[in-house]
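Participant: Sequence:
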Amino acid sequence: MLECLVIVSLSLMAGIVAGFALRPIARLPFLGRASGERSGGEGAAGGRSEDEVYQEELLRGVLDMRGMTVREIMVPRPEVFAVDIHTSRDELLELLAEEGYSRVPVYDGTIDNVLGVIYTKDLLALLQHRNVIVLEDIVRPAYFVPETKRLGALLREMQTQHIHLALVIDEYGGVEGIVTLEDILEEIVGEIRDEYDEEPEEIIEAQDGGFLVDARMTVRRLNERFGEVVAESDGYDTIAGFVVEQAGRIPRAGETFRSGPLRIAVTRRSQTAVKQVKIWIDSSIPE
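If you count the sequence shown from 1, position 214 lands on 214 in the working numbering, and the numbers rise without skipping.
Think of the hints as simulated: they come from the structure by calculation, not from any bench.
Remember, predicted model here, so these are calculated numbers, not experimental data.
Beta carbons: idealized from backbone N, C-alpha and C, even for Gly.
Some clues are possibly wrong.
[Unchecked claim] Per label pair, the in silico range of CB-to-CB distance: (1) 228 x 122: 41 to 49 Å; (2) 235 x 173: 19 to 27 Å; (3) 161 x 100: 20 to 28 Å.
I would like the entire structure built from these sequences, with the hints used as guidance.
Facilitator: Written out as structure tokens, the structure is:
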């Protein structure tokens with residue numbers, strides 16, 4: 001039964017990946033093994049092969065993803081790269097070359113007034129005639145989804161309607177962030193890396209037994225690493241949001257506080273957000 005479910009899941013995923021032109025994704029785990037290829041190792045518990053364990057993990061990813069909402073995985077508004085419709089042609093080309101995104105939201109004045117999305121391939125096709133590039137002429141319609149939408153439903157819509165990027169809105173119509181097909185796939189198969197991505201270090205173990213944590217990391221991912229050390233809530237998704245809720249404000253760098261099994265110290269912050277924290281868990285807390 002498990003084998004059948006996994007085959008169905010893989011078939012669906014293969015169809016989705018084939019139907020969308022993302023940046024190169026040479027390291028999709030399940031595409032890295034030819035069908036019928038078997039691992040020689042039996043390192044899993046109960047005599048199961050690595051392939052069998054992997055299939056179970058993949059199926060678990062599919063099932064977990066279906067119950068998640070867009071809000072849980074979206075790129076939040078402060079981190080969204082978007083351009084104003086009034087950006088000059090030369091500045092626009094420079095920004096796109098610098099950032100390396102294939103699709104970019106376009107707004108008028110404020111990101112809450114999104115006009116659409118530009119594809120860099122459309123601009124590339126016009127580079128020979130760059131003096132006549134008019135941004136309004138290449139803006140494509142934007143696709144909007146509520147932050148409460150289930151990922152399973154959104155994935156199906158993206159597959160059938162050939163959508164690569166969606167703008168996430170709240171109940172009042174304000175833009176909360178963006179979500180891409182790649183974001184959803186990563187919830188199923190794990191992080192997809194390509195030659196354009198820098199290797200992130202979300203958690204760095206410190207010499208004193210603590211851990212430096214990127215505050216953009218979600219509470220769910222932290223709990224996956226350390227167990228249920230932070231209570232999940234509708235009031236926040238990330239470690240930064242959890243810290244701000246606990247403190248009632250944006251704490252200063254150097255401030256520390258306790259929460260359940262954690263001691264938390266703010267190590268870096270900007271004017272508007274917590275950037276990095278250091279955590280100690282129970283026995284790792286220094287005297």
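Participant: Compare the structure with each hint and give your call.
Facilitator: Checked hints:
Between residue 228 and residue 122 the Cβ separation comes to about 46 Å, which falls inside the hinted range of 41 to 49 Å. At about 21 Å, the CB distance of residue 235 to residue 173 agrees with the hint of 19 to 27 Å. Evaluation of the 20 to 28 Å hint for residue 161 and residue 100 yields a pass: the beta carbon distance comes to about 25 Å.
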